[in-house]
Each structure stands twice: as structure tokens, then as C-alpha cells.
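Participant: Heads up: the sequence lines are chains A and B, in that order. Here my numbering is used: the first residue of the first sequence is 1, the next is one more, and so on. Here my numbering is used: the first residue of the second sequence is 1001, the next is one more, and so on.
No lab work stands behind these hints, which were simulated from the structure alone. Do not rely on the hints blindly, as some may be mistaken.
With a straight-line Cα cutoff of 27 Å, these simulated DSS-like cross-link-like pairs (lysine-lysine) come out [stated by the list, open to error]:
id: 1; chain 1: A; residue 1: K325; chain 2: A; residue 2: K341
id: 2; chain 1: A; residue 1: K101; chain 2: B; residue 2: K1345
id: 3; chain 1: B; residue 1: K1415; chain 2: B; residue 2: K1302
id: 4; chain 1: A; residue 1: K430; chain 2: A; residue 2: K189
id: 5; chain 1: A; residue 1: K116; chain 2: B; residue 2: K1057
id: 6; chain 1: B; residue 1: K1057; chain 2: A; residue 2: K430
id: 7; chain 1: A; residue 1: K351; chain 2: A; residue 2: K287
id: 8; chain 1: B; residue 1: K1420; chain 2: A; residue 2: K116
id: 9; chain 1: A; residue 1: K189; chain 2: A; residue 2: K69
id: 10; chain 1: A; residue 1: K580; chain 2: A; residue 2: K544
id: 11; chain 1: A; residue 1: K573; chain 2: A; residue 2: K516
id: 12; chain 1: B; residue 1: K1345; chain 2: B; residue 2: K1291
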Amino acid sequence: MKDTGFKAGLEIHQQLDTQHKLFCECPTSRSQSFPITVKRKLRAVAGELGEVDLAARHEQAREMTFVYKASPDTSCLVELDEEPPHPLNREALGTTLQVCKIFNSTPVGEVHVMRKAVVDGSNTSGFQRTALVGRGGHFETSQGRVRVTNVQLEEDSAAPIERKGDVAIYRLDRLGIPLIELGTEPDIKSPEHLYEAALEIGSLLRATRKVKRGIGTIRQDINISIDGGSRVEIKGAQDLKMFPEIARREAQRQQELLLVRDELKGRKAKVRAVKDVTALFKNTKCKLVKGKPVLAAGLNGFVGILGREVQPGRRVGTEISDYAKKAGVGGVIHSDEDMRKYQISEAEDLKKLLGSDSFIIVAAERQRAERAIQLAVGRTRQLLVGVPGEVRKALPNGNTEFLRPIPSAARLYPETDIPPVLITSEMLHKIVLPEMPKETRARLQKLMSKDLAEKLASSNNLPLFDRIKTRHPELVAHVLEDVLTELRREGISVDMIPDERLIELFSLYDGGAFAKESIPDVIRAVAFNPEKPVGSIVRANFSKMGEEEVRAAVVGIIRQNQDAIGSPHAFQKIMGEVMKVLRGKADGQMIAKVVKESL
Amino acid sequence: MAYSKQIEAALKKARASVGDRISVGSEEGLLMPSPGITASPDHIVLKLDNGYNIGIKYEGQAIKKSAKPEPRLVKQEFSYENAGHAHVRQSPGKHTITLLGAGGTIASRVDYSTGGAYADMTGEDLAALVPELGEVAHIRFESAFEKMSEDMAPADWQLLAKEAAKELNQSEGVVITHGTDTMHYTAAALSFMLDTPKPVVLTGAQRSSDRGSTDSVLNLICSAHAALSDIAEVGICMHATSSDDYCHLLRGTKARKMHSSMRNAFRPINSYPLANIYPDGRIEPLSSFKKRSSGKAKADTKFDGRIALLKAYPGADPDIISHYVGRGYRGIVVEATALGHVPTKSEKSWIPAVKAAVSSGVPVVVATQCIYGSVNPDVYTNLRILFHEAGATPAYDMTAETAYVKLGWVLAHAKGDKVKEMMAQNLKGEINPRLEPDMFLY
């Protein structure tokens, strides 16, 4: 990719696992039920930047009704925008300072919380609260140093649930969970390097042991450009493994667009003014067009260009259509498409009417059609210039589609409800570097096999493992990494077991309360009764037999198997019979000892 | 600006002032004023090109005015104040209402240059934010003053009453935008001072009007509908629920701010709302009300401000009453416990002080600090001592705030026993002799 001048940067949003939210005393856990419903309207008062059509967007915001669902367990008046925010969460600030230290970022002297205007309803207040905590920084990768731009601390938004027409529904449990935003400079050199850098950032953040884990707790945006192209920000990529593919396809798209530009330049291509061609389609058979105002733009020198692929399955025409869709139409019809598909027989007449070899048309209610064709023409003109800077959404196959133009910067203004926070030298002295991922691996390798250590080091279970005081670390790691996974596959809801129960379980095991062989069964029983102390479950079902009890049982079994006595395989035979009865009820080694003694 | 002397000197040396683009060491941005009281005076606040403000500890770094031009965006944001606002779409065919400004959170916005919030939005600014207002009525814009309502005093009520009366004779109704803290005091004062054949509607906001989530939009639209309605009373029109769905119109003498921050803070006390008002103009009456009529609006603003509002509580010292009487106060309202009790047989009994005040011609009016329910002068011995022996005047189910305002108005209009008599009369719907259970916590 070097020859194309591939450059990429990352912007990571990571939820923190703090006790409370960023600006109130609500817990950062999630809720199952949401009995409180509040309906609100928002106004775009100060204006948002980076919108396709600002006036339309504002109009739209005014029409929207936002329905907020809340649980009293995870939301208070602050999330409901019914009370001013409380002071900035110091625990979250502490973690952010630690992240600054890990990434060699310099903390600011005084943290000022800002408001970032957001009128899509994802914040009840109409803005997101965000603060810049660290300036600059860097981390190392196999391809060299990647510089960090800033480290920010901000509140997470409300989770969107549903959007039906002009009603959008959100849940408030996520709103206000502390989020670290970490952005890098465009120092990433290849799609593979992008994957490595994203993994490394995730791993360094997890080293704090204070970040949330699991689906939706980390969100990554990718910035990509190539020589002669533009910065394109890609949002919504869920799977890190897809990053290289997304990057490759974006680089491809930009390369194709540059080729398209050169081709169009060579052809002296032109985009002509928009014309109302409704009359031409008066008797059309095309259902998409019939009875609606039809607006067309004539294009000269575009033959074959509109149908050209920029990404597998995505054409130049698709790029143009994406823009038109922002005006609320289904898309555009262009002259490189198969007109028979649309039952359009007027294409040649249209070209004649427009005096052009190609066209794009939009058919919709007039105001919408006008806005749509303007947006489509604007995008088509961009084809003559190069790659527009855009925010794009990642699609599951690695392609991307247009979301909105890249905002030059966000409108930020001071959050007057929250006093600035001084970063004192005392606070900075208290920040210690946590055990770094490399050190964790080394430590674990001393306790268990290399494979298991590797697995645990990057596992969600690591913080739990470190909380379990045990004489059998390898066994504990094996249970957390493998046994729990197997049980999960069986359909046992192991994820509902609180950490405290597992800690209790291993402490009972260390104390000899049940046999190693019983561990999966004990976990099964605990999963069915996650509220019940493990001790009482074990006492009722898994109590180990003492040596005397075992001896009594063994003696009984020997008596029933007299014929085996004296044979050279007497021990194996008797042991087999005994284990049939006692497996899991007593320690295997002890049983063997008793059998030997009794023979 | 409240930077340290050291910083002030360094800025002066660099000839840098707020709003200039400067560099401090390696950082560069717009110089912001210090946010003041809550911020550290030895940190310089810069607005960076990414829009964020940061505080930089000043330790003698080089400060220079920057030659680099400000990025367009930051400059634009900074000059937001001067940005052209949208104009109200006036509909000349519609009935006219007056939007009378009196400050408050509803008129507040963040000043982008200083980060402070100021109540300086004009009626035009507000109406530009809510263009739908122009679809409801033709609007006259007037401004009485720009004050946060905690700073208001009886003289402001008098001014508002006069302005409102003047406007009522030129339009179909008046909407007063007002701070919410003491809106119920003003509403009570206007109720007593105004004789109006048309609606007078007070409204405000719990979230300032420059926020996307401001409650002023619904409050203003519903208030405009209320001002055009047949309800010729002084009322408060604010959110009925936490949702932006509809408003309550509350009788000016029977309303109270019951929450420090929620949108639906204003509740009817010992009454039902006059009506539910919907943003589409629907009006659901919930109480009987004085109907719109022809005739002129009159303001009788005589008011005696030498009145005090006190609270009785366990251990409260009765000397406070003698103190006010000694200072020449003409009337006292006591927020008593429950049915109207003050410390009676305890060591610090209030009875002698009340008796002395009343006998010296200073009426002592007793309201309940329970907020809901009525004072009763007869049921307990201690009540009989206070009302029948010491001569206190019961406020019945009036809120203490309404009783306070009424006492000031009555004292300017009556003397001697007549004061007591008028306090017991239902002048503007302030006394409700029939309390229903559903009025409690409505």
C-alpha cells in the first residue's frame, strides 16, 4: 500500500468501568426493564456543523419526537435533563490520567468541561459533555511509533432502540457512562498495521483494569486517506478483524475515484444545470417515476463512468445516490443503469432533451426532489475534483456508505454548570502505571502453560482471575477460559453468575469442600441459583466424603467383588467399581489410597 | 476577568487581551477570560483550534500574540453573539398578544466569549427561536427589565402590573416571560394588583433557551394559546409533566414552585389547574374561571413592602417578631406547623410576642408550612390560644407566599380590623373553602 500513500488514524471510544456515571451518582450498569417514559422535543439552537443540509436538518429536528425510556436503577434526574449535572467523577478522571500516562500524553493544567451540540436525540440535553484531559502522546507498534493527538473524557450517549418515522426511541441507562476518547495522528501505514494498532490500543486501555468489556463497550472510528485523496472517517465497524478489509476497500475506492476524475478530465466532462422533465414522463410505464415531479441533470462525457465499480458491488452511481437519499428520496436513476429494469422507454428522448450523453434523475414530491437533485449534482461535480472528505458508515462486507460530510470541527461551548477541575501535582503523583500487557503475560506464564497464559492475558476474565486467591492458578485459569465456555455452549447461563460466586466457589475448592471432578457440576448448580451462597449448594449436593466414609464404602464394594481379589488386576477392577459409586464425591487420590490399603 | 496579578502582567506585556489569539509555551488558541470564582486564577484558559477549552498552569512560559489567523470556525463561534438571528414570521391577520420580557432563565443564553450565562435575550430573540409563535398570534414585543427573579422586589411587581395593564388595553392578552424562582410571588402580586378582562400569563424556563432541550418552546407556545383564551385571570403556564406534551395553566394565587429543577416544577396548591393547554391550541378547563369580557384593564399597585415572612420551627426564637415590630414593619406572616401551630407552652413561647405585635397594630397572619391543607384556628387548645387569645389571623389554605403578597397589598388598602377582614375574604381565588383529596400532590 506504500505506493498509494496510505495513511490511517484511529479514534477509540472506550467505556470506563467506574462505580458511578460521569456526572451523577447512578451506577454504570445496564438495565433490563425501563418503566419510566418521557417524551421530548429538541431544537437546533446553536446549529450543528457538518450537516448535508443544515436548514432541512433543523426543520427535521423540530418535527422529531424523542422517547426516552429509563430505569430508576440506572437513571436519575440528571440523565432525564431535569437536574444540573453533578461535579465531574473523580474516579473516571483518575483512570483518564492513568491512560494519559500509559500513552505518554501530557495532562492539561485545568480540565474544562464543554458542551458539544447534538440534536439527533442521543443526549436528552441536546449536547454531549466532553473534556480534553491529555495533549499529545504516543505508543509503539511493530511498524514504529503511533502518535496520539488528544485524550478526552466524555459522557456516553443514550442507546438508540428504534426509529419509526418522526419518532426515535432511546434508552437512558447508557447515557452518562464515562467514555475515554483517544485519537491518533495518521501514523498508521497499512491495513494490517491498522489492525495491530487497534489491538494494541485496546490492550493498553484494558491494562488499567478499569474499562468495561463486552459488546458495545468500545467503539472505533477509522480515518483513512491516500495520496491525492481525502480524509474519510469510517464509523460503526464492529469487528476488529474487518479493519484491514475496510481499509483496503476504502483505499481502493479513493484510487478508483481518482482514476474517474482523470478520465472525466480527459473527456472534458461537464455537469449541466438541473431541468424539470416531468412532462416527458407523463405517460411513462415506470412506477417509480409516474405521477411525480421529475428533475434531471444532464451529464456530458459520463458514459460508462456512472456504472463503474469503486468498491466490489458499489458503483459511482451508488455514491451519487447515497447523497440524494439524505433528502429522503429512494435514490437516483442514472443512464448507465438498465432502463428495462425500470420500464423506462424515455431515456433516449431525455438525453436529446438535455443535450447530454448521460443523466441522473430524481422523482419525488417537489421540495424533496429539488433538495435531492441538488445534493446528487453536488456529488457528481465532486467527481471532477477528486475524493470528498466524508464520514462513512462501515457495511458488514467491508464496504462503506456515505453518512455526512466531514465536520470541520464540532461546535463546543463551555458547560457552565460544572466548575473546572484543577489537575494537581498530588493527583499526578498518585497515578501509577498499571501492569502492562507484556508484564501480565510474563507473570501468567510462570503460573500456567504458555497457551493458557496467552489466552488469559487478553481475556475478559483477567480481572476476575486476579481477584481469585488460589493455590491452583492453572486450574482456575482453565475453568475460566475453557470450562465456562463449554458450559456456555451447553446453554448454561454462566454469564449470570456474579463474580463473587466464582470467587467463593474457588475458595471452597481450595478448602477441600468438593472434588475437582465436580467443578463443572457445581458451576451448573450455581448458574441455576446465582442468588444462593455457593457454600450451601455444595453442602447440599457435593460434600466430599471423609476418609472413614470412603473406607466403609470401599469395604462394602470389596465384599461384593470377592472373586476379583487375588487376581493381578484386583486394584484396577476394585478401583473401577468404587469410582462408579464415588466419582465426584471424594478426592480421587484419597480413594486410591484407601482401596490400596483395604486390599 | 479574574486571572492572577502575575498572569495579568504577562498578558499586558504581550499586549494580549481576551479574544486574541495567543501562544502560551507550546499551546496556541484564543484567550478566554477566567471562568471566575470556581476556576484557578493561576491558569490561563485557551480555546484550542479543536474547540476545546483547557486551563494551562502559568509558570512563566512565553506568551505571544499569534500572527496565525484564527481558524474560520472558531472565529465564527466566537462571534455567534453578532450572528443574524432569524426573524419572527409575523401573521398580521392574527389576534395580537404582547410578549412582555422580565428576564429569567427563559431569556438566558451562554455568552460564547465569556462562557457565562446572561438573561439578555429579547422577546424577538425568543420568538425567533420559536417561529411557531407567529402562527398562533401577532406579537408585540415589550420589555420591562432583565432580572433573575431572586433579585426581584415588590417595586418590580408594581412596574409589571402597570406595564401589563397598559398592554392589555392594546392586545388580546399578555404573556410575561419571567424567572421561575419567585414567579409564584409575582403571579400572586399581579392577581391582587390587576383588574383584568383578559388573560395575563406568566411563563419561564427551567432549561435556558439556548439549549436544544429548552422547555421554553412548549411553555411559550402554550402561553400564547392561554393568552388568547377566555380565561381572564392571572395564571402561570408551565410544563404539566416532565415530557414536552402539554402545560398547566395555574391560578396565580394557587401556584407554587415545588421542585428546584424539574420542568413540571409548578403545581397547583389546594386547587386544580385552571386548564390543560396543548401546543396545538386545545384547552381543557379543569376549574371554573373568570371569563374574558370587554372593558379596560386597571392596575391598582399600592403595596406596603414593610412585611416579613417567618418560619416557626422547634427551638425558634420569638424575638424575631419583636425585632420586626421594632423596625417598623406593618405586618408579619408566619409559616406555622401543620394546622397553624407556633411554640406555645414551651420555654420559647411565641404567644407573648404575637400578642404584643397584634396589640400594637401589626397583624400576624398564620399560614401552614405543610403547603397543602388549611390552617384551622379552633381544633386544638394551642390553636385557640394563638388565634383567639393572641389575635393571630388565619391564612386558611393560602400558601405562605400568597398570604405574604396579599398582606402587603391589603395593608396598602385597609387599616385596623379591616385588614383582618380582607385577609379572610376571597379576593382573587386565593382561598378555597372546599379542598378535595385529589388536590393534594396534584
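Participant: For every hint, state whether the structure bears it out.
Facilitator: Results for each hint:
In summary, the hint linking K325 (chain A) to K341 (chain A) is supported, as the alpha carbons are separated by about 20 Å, within the 27 Å threshold. Our distance criterion of 27 Å between C-alpha atoms is broken by K101 (chain A) and K1345 (chain B), whose separation comes to about 67 Å. The hinted pair formed by K1415 (chain B) and K1302 (chain B) meets the criterion: a straight-line CA distance of about 14 Å does not exceed 27 Å. For the proposed pair K430 (chain A) and K189 (chain A), the alpha carbon gap of about 36 Å is over 27 Å, so the pair is violated.
Restraint check for K116 (chain A) and K1057 (chain B): the C-alpha separation of about 25 Å stays at or below 27 Å, so the hint holds. This hinted pair checks out: K1057 (chain B) and K430 (chain A) have alpha carbons roughly 19 Å apart, not beyond 27 Å. The straight-line distance between the Cα atoms of K351 (chain A) and K287 (chain A) is roughly 20 Å, inside the 27 Å bound, and the hint therefore holds. Simply put, K1420 (chain B) and K116 (chain A) have alpha-carbon atoms about 57 Å apart, too far for the 27 Å limit, and the pair is violated.
For a cut-off of 27 Å, the pair hint linking K189 (chain A) to K69 (chain A) is broken: about 43 Å separates their Cα positions. Taken as a hint, the K580 (chain A) and K544 (chain A) pair is honoured in the structure, with Cα atoms around 15 Å apart against an allowance of 27 Å. Using a Cα cut-off of 27 Å, the hinted pair K573 (chain A) and K516 (chain A) holds, with the two alpha carbons roughly 23 Å apart. In summary, the hint linking K1345 (chain B) to K1291 (chain B) is not supported, as the alpha carbons are separated by about 49 Å, beyond the 27 Å threshold.
In the structure shown, a violation is registered for the earlier hints numbered 2, 4, 8, 9, 12, in ascending order.
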